[in-house]
Amino acid sequence: MAGRNVIGMPYVTFVDETTAGERTAAWALDIAGERTTPRELIGRRVRHEVAEYNARTPRVFQGLVQPERAERVPGGYAMPAPGRVDAEAQVERALRAFQGNGFLLLVGDRQVTELDEEIELTADTAVTFLKLVALVGG
1 MAGRNVIGMP YVTFVDETTA GERTAAWALD IAGERTTPRE LIGRRVRHEV AEYNARTPRV
61 FQGLVQPERA ERVPGGYAMP APGRVDAEAQ VERALRAFQG NGFLLLVGDR QVTELDEEIE
121 LTADTAVTFL KLVALVGG
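In our numbering, the protein residues as written are 1 to 138.
These are computed hints drawn from the structure, not numbers from a lab.
Take the hints with a grain of salt, since some may be wrong.
As the list claims (entries may be wrong) - Label pairs and their calculated CB-CB ranges:
(1) Arg59 - Thr113: 16 to 26 Å
(2) Glu118 - Thr57: 32 to 42 Å
(3) Thr19 - Gly75: 15 to 25 Å
(4) Ala126 - Ala81: 14 to 24 Å
(5) Ala55 - Glu114: 29 to 39 Å
(6) Ala81 - Arg110: 34 to 44 Å
(7) Asp86 - Ala123: 30 to 40 Å
(8) Thr18 - Arg47: 14 to 24 Å
(9) Thr57 - Asp124: 32 to 42 Å
(10) Asp109 - Ala81: 34 to 44 Å
(11) Arg35 - Arg59: 36 to 46 Å
The C-beta atom is built at its ideal place from N, Cα and C for all residues, glycine as well.
Let the hints inform the model, and build the full structure from the sequences given.
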């Protein structure tokens, strides 16, 4: 799970889950400081996803939020044509999704609800992005 990288900086384990019980494989991201905010955490995560996508430009974008003009498909979002994704536009979409309850953010065993709330990240912190899935018939 989480720990420290070779130069001693803390890294945090990220997991995506849905309320329908789906879970992605955990992955880690280096965090330079041990105190941050959800705004900074979401921004770092989304910029990382966009950089990974833009380096390869596969047909399917796998990220926290759906890029503009993309279509939801199993495993991510199908892009209409090859090209780059705008990282800052994706960060803004993710922040709006967080504020609109598109996903919950769990840091360790506690839900974080404010974008600018200070949170402490230790070497054993797990961050879960819980995407809310609409119930059929409800």
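A quick look at each hint next to the structure:
1. Arg59 - Thr113: 16 to 26 Å: Violated, at about 35 Å.
2. Glu118 - Thr57: 32 to 42 Å: Hint holds: Cβ distance 36 Å, inside 32 to 42 Å.
3. Thr19 - Gly75: 15 to 25 Å: At 18 Å between Cβs, range holds.
4. Ala126 - Ala81: 14 to 24 Å: Given about 36 Å between the Cβ atoms, the range is violated.
5. Ala55 - Glu114: 29 to 39 Å: 33 Å, holds
6. Ala81 - Arg110: 34 to 44 Å: With a Cβ separation near 41 Å, Ala81 and Arg110 satisfy 34 to 44 Å, so the hint holds.
7. Asp86 - Ala123: 30 to 40 Å: Since the Cβ atoms of Asp86 and Ala123 sit about 33 Å apart, the hinted range of 30 to 40 Å holds.
8. Thr18 - Arg47: 14 to 24 Å: For Arg47 against Thr18, whose Cβ atoms are near 23 Å apart, the range 14 to 24 Å holds.
9. Thr57 - Asp124: 32 to 42 Å: Cβ of Thr57 to Cβ of Asp124: about 35 Å, so the range 32 to 42 Å holds.
10. Asp109 - Ala81: 34 to 44 Å: 42 Å, holds
11. Arg35 - Arg59: 36 to 46 Å: Given about 38 Å between the Cβ atoms, the range holds.
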